[in-house]
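Residue strings, one per chain:
Number of protein chains: 2
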Amino acid sequence: MVDYVVYGRGCFSQLDEIIAPRRKETRPMIFLIDHFFTGKPLVNRIPIRGTDKIIFADVTYEPKTSQVDKLAQQLKDEFGSISGIIGIGGGSTMDLAKAVSLMMTNPGSSADYQGWDLVKKPGVYKAGIPTLSGTGAEVSRTTVLTGPTRKLGMNSDFTPFDQIMLDPELTTHAPANQRFYTGMDCYIHCIESLQGTYLNEFSKSYGEKALALCQHIFLEKEIWDDECDDKLMMASYAGGMSIAYSQVGVAHAVSYGLSYLLGTKHGIGNCIVMNHLEEYYPEGVREFKQMVTRNRIDIPTGITAGLTDDQFDAMINVSLGMKPLWENALGKEWEKRMTRQKLRELYEKL
Amino acid sequence: MVDYVVYGRGCFSQLDEIIAPRRKETRPMIFLIDHFFTGKPLVNRIPIRGTDKIIFADVTYEPKTSQVDKLAQQLKDEFGSISGIIGIGGGSTMDLAKAVSLMMTNPGSSADYQGWDLVKKPGVYKAGIPTLSGTGAEVSRTTVLTGPTRKLGMNSDFTPFDQIMLDPELTTHAPANQRFYTGMDCYIHCIESLQGTYLNEFSKSYGEKALALCQHIFLEKEIWDDECDDKLMMASYAGGMSIAYSQVGVAHAVSYGLSYLLGTKHGIGNCIVMNHLEEYYPEGVREFKQMVTRNRIDIPTGITAGLTDDQFDAMINVSLGMKPLWENALGKEWEKRMTRQKLRELYEKL
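Residue numbers (the working numbering), protein chains in the order written: chain S, 456 to 805; chain Y, 456 to 805.
If we strip away everything but chain S, and leave its shape as in the complex, we get (with noise of 0.2 Å):
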């Protein structure tokens, strides 16, 4: 778990206060900040000190473990050690901070701790701001990383946050279409727990909160306002703590297909596959095709025109490999009831 976290509105304001007995001797905290706010208020709000730096995170594409080891080696090569690492930003600067603060003291590369409990020493210290809600990347226990070859995180006791600031102020300025793939990544998340067969009340718990929050805010409210960030935010949270014991599903599995062939990024991708999944969760696409009208949102089609046989099957290669995904979604005998050629009609649809 996660050791300390902060929840308020405007609680990023104590950010000095929180980090500073963290700080060691002469050595910087680095805060990894997404691109998005370059030029933005919210880095003047940053606390530096001493050689403090500012690192802005490009997240254009979902972070690779080649991205890891050059921003930990840079680190190094610049300062040998630093106090911590502080990332601000969505679900992608999350897992990108959590990654540089392992390989400050992991040896070799993050792709070698692809996998579950190969970390073996607690990184340094590190805080993460979230500033868009659903992922639940700022309680999870691992880091999505693209590898040379796999889509895996560095899962392990030492990869959670030290410290998360949870303040729905920052989440205010986020583009609308963003907000809401990323918050439907905490929704679709919630529909294929707890549909799943791998739950139990801890998860289901959690995942029952995040679900009506998610609910409340898409379907209920009349209009965008401080609740909708302040409880989407909750959700977000809810959502990531759920994970610990239950699994995602259909929407997951064929959506990192997607995101490994196409750079489809993780909350837009989900939006896309969901919208095809009636089959597997009527009851939740329904709901989901609500919340997109409701919000005015588009979600986009014919992203997979035009792909050759092995760029399908490259996709499917992915996607099958998700195997405990499958079998929380359709159970042990999954592999009778999604094969190559059903996956591939679905794909064909997206």
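Calculated directly from the structure, the hints in this document are not laboratory data. Heads up, a few of these hints could be off.
Said to hold, decoys possible - Some chain S residues flagged as far from chain Y (calculated, every beta-carbon gap over 12 Å):
(1) Gly463
(2) Cys466
(3) Glu480
(4) Asp524
(5) Pro603
(6) Asp685
(7) Glu738
(8) Gln745
(9) Arg751
(10) Asp768
(11) Leu785
(12) Lys787
(13) Glu790
What the hints assert, rightly or not - Under the rule of at most 27 Å between Cα atoms (straight-line distance), these lysine-lysine pairs were calculated in the DSS-like manner:
(14) Y:Lys575 to Y:Lys659
(15) S:Lys575 to Y:Lys479
(16) Y:Lys676 to S:Lys676
(17) Y:Lys479 to S:Lys576
(18) S:Lys479 to Y:Lys576
(19) S:Lys576 to Y:Lys576
(20) Y:Lys659 to S:Lys659
(21) S:Lys606 to S:Lys797
(22) S:Lys575 to S:Lys778
(23) S:Lys659 to Y:Lys576
(24) Y:Lys606 to Y:Lys575
(25) Y:Lys676 to S:Lys479
(26) S:Lys778 to S:Lys659
(27) Y:Lys804 to Y:Lys606
To be verified - To give a feel for the contact side, a few chain S residues facing chain Y, derived at Cβ under 8 Å:
(28) Val457
(29) Asp458
(30) Tyr462
(31) Gly465
(32) Thr652
(33) Asn655
(34) Phe657
(35) Lys664
(36) Leu668
(37) Lys686
(38) Met689
(39) Tyr700
Remember, it's a predicted structure, so these values are computed and weren't measured experimentally. Just so it is clear, CB atoms sit at the ideal spot from N, CA and C, and this is done for glycine as well.
Place chain Y on chain S using the hints.
Coordinates of chain Y only, in the frame set by chain S:
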């Protein structure tokens, strides 16, 4: 926050494996278990190794600072230092284990640390394994202790457990009355915090979930089954988490007076008071009474009959000293609404 959380029916069997990496050379693990379990099968499942010791904790009364100091001194005299302490029991045992862990490394008496952030050193490794659900003590940042001059916790960043194991199976054999009173501690907490003036979306989300779980268990279920134990354990956890940014109210403030003077235990004390709080929590009290009836529980009455004026005054003094609780319940002008006379009349009804 608690660093590691395991939830699952039967997970107690993993205890040996989970604490193995925390064992330090020849120093023992101490298992502090509620004396209720003396001679019961659970004791035989405790993974004793080397010089490990089982101590049966007398929790007839709620923990006192003198009891904490004595236990810590005994352990120091016998072992010098220990690997850690594992609390197995209800809220009192949880609080005892947390406090003894802290007093193994912090000098002086636990009474010196009653307050906020007075504890300066981490304690020894500590794990909590609840066998009753409701108090939320397993996740709280405090340990409620009765000291020479006050009933107040050791609130600090070092107070939460390093590990908790939430195994609903352990609560199966709790006496029905005890289970109800402890469950109601959670329910009453939710009513008080959700209707209070201190609250944010973090605590609201957790409080609402805990409340919904209690309502399901105590109002909808026809019989008490495993699902009730599973859900009540999550309600306790969620209720405990909701404390972060909320506060309890009238029931707790009045109940603290009973506890101080008469030694009334926390759960039952809250029920005795809640029974008479229609003026403050009309909807909650109506529902509480439904729960009492439906679950065929007797709530004691007449417990303050025959007390002297001095005794009433003592309770009133303790109760009115809980300023944040009153302010949360009745607002900044609470002293105008809750006078000594009015509180006396309330105590006389109990």
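Right, here's what the structure says about each hint:
1. Gly463: Gly463 (chain S) not clear of chain Y: closest Cβ-Cβ about 6 Å, inside 12 Å.
2. Cys466: At about 10 Å from chain Y, Cys466 (chain S) fails to clear the 12 Å cut-off, so the statement is violated.
3. Glu480: At about 22 Å from chain Y, Glu480 (chain S) clears the 12 Å cut-off, so the statement holds.
4. Asp524: About 28 Å separates Asp524 (chain S) from the closest Cβ of chain Y, which puts it past 12 Å; holds.
5. Pro603: Holds: least Cβ distance 32 Å, greater than 12 Å.
6. Asp685: violated (4 Å)
7. Glu738: Non-interface label on Glu738 (chain S) holds, nearest chain Y Cβ at 20 Å vs cutoff 12 Å.
8. Gln745: holds (23 Å)
9. Arg751: Correct as stated: the minimum Cβ-Cβ distance to chain Y is 25 Å, above 12 Å.
10. Asp768: Correct as stated: the minimum Cβ-Cβ distance to chain Y is 39 Å, above 12 Å.
11. Leu785: holds (23 Å)
12. Lys787: The claim stands: Lys787 (chain S) keeps its Cβ more than 12 Å from every Cβ of chain Y (closest is about 20 Å).
13. Glu790: Its Cβ never comes within 12 Å of chain Y, the nearest being 28 Å, so this holds.
14. Y:Lys575 to Y:Lys659: violated (31 Å)
15. S:Lys575 to Y:Lys479: Holds. Lys575 (chain S) to Lys479 (chain Y) sits at ~19 Å (cutoff 27 Å).
16. Y:Lys676 to S:Lys676: The hint is violated at about 32 Å.
17. Y:Lys479 to S:Lys576: Holds. Lys479 (chain Y) to Lys576 (chain S) sits at ~19 Å (cutoff 27 Å).
18. S:Lys479 to Y:Lys576: At roughly 19 Å apart (the allowed maximum being 27 Å), Lys576 (chain Y) and Lys479 (chain S) satisfy the hint.
19. S:Lys576 to Y:Lys576: Holds. Lys576 (chain S) to Lys576 (chain Y) sits at ~23 Å (cutoff 27 Å).
20. Y:Lys659 to S:Lys659: Roughly 18 Å separates the two Cα atoms, so the pair holds.
21. S:Lys606 to S:Lys797: Distance ~23 Å between Lys606 (chain S) and Lys797 (chain S) Cα, so the pair holds.
22. S:Lys575 to S:Lys778: holds (26 Å)
23. S:Lys659 to Y:Lys576: Outside the cut-off at roughly 36 Å; violated.
24. Y:Lys606 to Y:Lys575: holds (20 Å)
25. Y:Lys676 to S:Lys479: violated (55 Å)
26. S:Lys778 to S:Lys659: holds (21 Å)
27. Y:Lys804 to Y:Lys606: holds (23 Å)
28. Val457: With a minimum Cβ separation of about 6 Å from chain Y (threshold 8 Å), the hint on Val457 (chain S) holds.
29. Asp458: holds (6 Å)
30. Tyr462: Because about 4 Å separates Tyr462 (chain S) from the closest Cβ in chain Y, which is inside the 8 Å limit, the hint holds.
31. Gly465: Violated: closest Cβ of chain Y sits about 11 Å from Gly465 (chain S), beyond 8 Å.
32. Thr652: Not OK, violated: Thr652 (chain S) not within 8 Å of chain Y, min 16 Å.
33. Asn655: Nearest chain Y Cβ about 6 Å off; hint holds.
34. Phe657: holds (4 Å)
35. Lys664: holds (5 Å)
36. Leu668: Given a least distance of 7 Å, the restraint on Leu668 (chain S) holds.
37. Lys686: holds (6 Å)
38. Met689: This interface hint holds because 4 Å falls under the 8 Å limit.
39. Tyr700: holds (7 Å)
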